[in-house]
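Model the full assembly from the supplied sequences, consistent with the hints where possible.
For the protein sequence lines, the chains are W and C, in the order given.
Quick note, the first sequence lines up with residues 1 to 212 if you use this note's numbering.
Quick note, the second sequence lines up with residues 1 to 160 if you use this note's numbering.
Bear in mind the hints are in silico, worked out from the structure with no lab data behind them.
Each hint should be verified, as a subset may be incorrect.
Per label pair, the in silico range of CB-to-CB distance [as the list claims (entries may be wrong)]:
1. C:F67 - W:E180: 54 to 64 Å
2. W:G151 - C:F123: 34 to 44 Å
3. W:Y131 - C:D105: 39 to 49 Å
4. C:I120 - W:E88: 30 to 40 Å
5. C:F123 - W:D22: 46 to 56 Å
6. W:V197 - C:G70: 31 to 41 Å
7. W:R168 - C:E92: 43 to 53 Å
8. W:T112 - C:D101: 24 to 34 Å
9. W:S67 - C:I120: 32 to 42 Å
10. C:E115 - W:T74: 27 to 37 Å
With a straight-line Cα cutoff of 20 Å, these simulated SDA-like cross-link-like pairs (lysine to any residue) come out [what the hints assert, rightly or not]:
11. W:K101 - C:L59
12. W:K72 - W:R125
13. W:K101 - C:D44
14. W:K101 - W:V126
15. W:K101 - C:V43
16. W:K101 - C:H42
17. W:K101 - C:Q48
Everything numeric in this text was worked out from a predicted model, so none of it was measured.
Positions of the beta carbon are idealized from the N, C-alpha and C atoms, including for glycine.
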Amino acid sequence: MPSNASERRAVPVRAPLATTADNALKIVVVGGFGVGKTTLVGSVSEMRPLSTEEVMTQAGAGVDDISAVRDKRTTTAAFDFGRITIDERRVLYLFGAPGQKRFWFLWNQLFTGSLGAVVLVDTDRVRDSWYAIDRLEHHRTPFVVAVNRFGPGPGLAEVRRALDVSDRVPLVDCDARSRESSRDVLVTLVQHVSGPVHGSAPTSASTPEDTP
Amino acid sequence: METMDTSLDWLLENLRHRTPGIRHVLVLSRDGLKMCHTSELHVDRADQLAAICAGIQSLSLSASAEFGDGGGAGQAMAEFGGGVLLIIGAGEGAHLAVVTDHDADVGVVGHNMNELVEQIGGFLTAAPRRIDPAGPTGRTGGSGRGEWAERAEAGAERTR
Numbered sequence: 001m002p003s004n005a006s007e008r009r010a011v012p013v014r015a016p017l018a019t020t021a022d023n024a025l026k027i028v029v030v031g032g033f034g035v036g037k038t039t040l041v042g043s044v045s046e047m048r049p050l051s052t053e054e055v056m057t058q059a060g061a062g063v064d065d066i067s068a069v070r071d072k073r074t075t076t077a078a079f080d081f082g083r084i085t086i087d088e089r090r091v092l093y094l095f096g097a098p099g100q101k102r103f104w105f106l107w108n109q110l111f112t113g114s115l116g117a118v119v120l121v122d123t124d125r126v127r128d129s130w131y132a133i134d135r136l137e138h139h140r141t142p143f144v145v146a147v148n149r150f151g152p153g154p155g156l157a158e159v160r161r162a163l164d165v166s167d168r169v170p171l172v173d174c175d176a177r178s179r180e181s182s183r184d185v186l187v188t189l190v191q192h193v194s195g196p197v198h199g200s201a202p203t204s205a206s207t208p209e210d211t212p
Numbered sequence: 001m002e003t004m005d006t007s008l009d010w011l012l013e014n015l016r017h018r019t020p021g022i023r024h025v026l027v028l029s030r031d032g033l034k035m036c037h038t039s040e041l042h043v044d045r046a047d048q049l050a051a052i053c054a055g056i057q058s059l060s061l062s063a064s065a066e067f068g069d070g071g072g073a074g075q076a077m078a079e080f081g082g083g084v085l086l087i088i089g090a091g092e093g094a095h096l097a098v099v100t101d102h103d104a105d106v107g108v109v110g111h112n113m114n115e116l117v118e119q120i121g122g123f124l125t126a127a128p129r130r131i132d133p134a135g136p137t138g139r140t141g142g143s144g145r146g147e148w149a150e151r152a153e154a155g156a157e158r159t160r
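Here you go:
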């Protein structure tokens, strides 16, 4: 092992794991192709996120539909991984799933042992999220739905109807590029699966949806 | 299938037939799509193998970035009951993968794979995706958006 130097190079963590953390929760982030899963894990992680992004190639023309995400140049080929401490004791290990159908076989392993999930939704392509929701309901994994806002779009009540999820499933808005917003989504999930988070009530993300 | 370049298939067949123990040979793009493969490998299995190999190579690249010099993945090998999977870089944006029987001589297989890439790696490439500038502009257009806007407005009407 010649690599003390390279190991040092590889460890600039943004925040060390708190010594008080004794409760690890495995969380998966799922959703359709190009909805912002990698962005969310990357923006919220307190350590340098593992990202397995690969340049999309000509082989994907006619397979990966990028008409709705034209600025997209790379795609996740395995999974994203990040970590965030939610409160004194609870730390979340985030696994971002790949979106395309050809990588769905990985989801079983990612789902194993997970305590909850975030389903990211793009309101332009709501139906891309159906598969993720079906899988989670089948596995009986608790989840929250987060609408990654790319611009003006339907209200949350509309989205809930389109997704046909129960009123018990929390549904929030978010901006996956924002650390605070993404963190709020995760706080909402943690509260949904394992009780209140003290001292850090989610702000914008938990705005109750307008009921018609 | 658009992603298939069958003109190179015979070279892959050649690798398979001259190397004892090789069951399948596949060339895949780095984003996980099959480009060409030997004939005994069913297309569905080829799709599956391509995605698996892209994931392995992508994780290997991360390992290289975190614990190596970041120079990228050389080769990956997975051993399992009933076989061995070997993957090496081919041309730009592509990988060459081989599945062997469990008793194959991995040294010979690896050598022959590298030889093939040396010979024809320049042809085993997957160029980055071109974006069609004349195409629809996605988010700003499309009927789905209009429909949603109407429904959202209707929703807003109701809440007022």
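Tested hints:
Here the CB-CB span from F67 of chain C to E180 of chain W is close to 32 Å, at odds with the stated 54 to 64 Å. Look at G151 of chain W against F123 of chain C: about 43 Å separates their beta carbons, and that is inside 34 to 44 Å. At roughly 42 Å, the beta carbons of Y131 of chain W and D105 of chain C sit within the given window of 39 to 49 Å. Between I120 of chain C and E88 of chain W the CB atoms are about 58 Å apart, so this pair departs from the stated range of 30 to 40 Å.
Remark: the range hint 46 to 56 Å for F123 of chain C to D22 of chain W is upheld by a beta-carbon distance near 55 Å. Distance hint for V197 of chain W and G70 of chain C: a CB-CB separation of about 37 Å, consistent with the stated range 31 to 41 Å. For the hinted restraint 43 to 53 Å between R168 of chain W and E92 of chain C, the CB-CB distance of approximately 50 Å keeps it satisfied. Evaluation of the 24 to 34 Å hint for T112 of chain W and D101 of chain C yields a pass: the beta carbon distance comes to about 29 Å.
In this structure, S67 of chain W and I120 of chain C meet the distance hint of 32 to 42 Å, their C-beta atoms being roughly 34 Å apart. For the hinted restraint 27 to 37 Å between E115 of chain C and T74 of chain W, the CB-CB distance of approximately 31 Å keeps it satisfied. With a C-alpha separation of about 19 Å, the suggested pair K101 of chain W and L59 of chain C falls inside the 20 Å cut-off, and the hint holds. Using a Cα cut-off of 20 Å, the hinted pair K72 of chain W and R125 of chain W holds, with the two alpha carbons roughly 15 Å apart.
For the hint pairing K101 of chain W with D44 of chain C, the CA-to-CA distance comes to about 13 Å; that is within 20 Å, so the pair holds. For the given pair, K101 of chain W sits about 16 Å from V126 of chain W by alpha-carbon distance, which is consistent with the 20 Å threshold. Our distance criterion of 20 Å between C-alpha atoms is met by K101 of chain W and V43 of chain C, whose separation comes to about 15 Å. For the proposed pair K101 of chain W and H42 of chain C, the alpha carbon gap of about 18 Å is at most 20 Å, so the pair holds.
Of the supplied pair hints, the one linking K101 of chain W and Q48 of chain C holds, its CA atoms being roughly 10 Å apart against a limit of 20 Å.
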